[in-house]
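Participant: All the letters of the sequence shown, read from the start, carry residue numbers 1 to 234 under my numbering.
Every clue listed holds true.
Lysine-lysine pairs mimicking DSSO-like chemistry, simulated, CA-CA at most 27 Å apart:
{"#": "1", "residue 1": "K37", "residue 2": "K189"}
{"#": "2", "residue 1": "K37", "residue 2": "K14"}
{"#": "3", "residue 1": "K217", "residue 2": "K37"}
{"#": "4", "residue 1": "K189", "residue 2": "K217"}
These are computed hints drawn from the structure, not numbers from a lab.
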Amino acid sequence: MNTLSRYASGNFQKEIIVAANIDQVVITASWRMPLIKPGLIDRYICAATLENIQPVIVINKIDLCEDREELADTVEYYRESGYPLLCTSVVSGEGMEDLRAILIDRDSVFSGQSGTGKSSLINWLEPGLELRTAEVSDFNEKGKHTTTQAILFPWSFGGHLLDTPGIKTVNLHRSAISEIPRVFPGFAKLAPNCFFRDCTHTHEDDCAVLDAQEAGKIPLERYESYLRILESLE
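With the hints as extra help, turn the sequences into a complete structure.
Facilitator: Pasting the structure below:
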């Protein structure tokens, strides 16, 4: 059984299971309102990969994107790392049929920052569900949670949706710190080439990840995100 969990704050980090026995987690971010947070995407990918759950990245509200080159630069690393990534808009319909196709005959959970449009995406795909949606505050660009309990819905086109309460942050368990060097986006193929089997990719000699970062193959922003995750688990 796989699980997608968050952990309560404090010394004991009590586990709160958000989803179980799912095929994929649809990590939903928005280009604007609220502004995309790649660091949060990184955390969701790590959490899913640790549980052998397929991460699917959806960049929603793409109709608000005025610079497609900036968008391409933002998502390129994830695509090159092998993650399915879709850009969607319920306003224009862009990417929505591709999203439907990736959900067919699979059990999926939508997760991500509040206000990114998860319920709107689901309602577009399956209007009969009529999930509640919430507007985003202009003050802080954070949406109010619109889901209060986990419910399993069958898609009319095959597969199931697990609709579960939104999570503002993904806080990995401290015990995951030894696995993050292996599961962080883009590191899986590099880590086996490090000289030290327990390489943390922070200071070691003959580190394939550090070499790739210095060669410009890993964006500095992603490497700094990796360091922030490690620091948060120490």
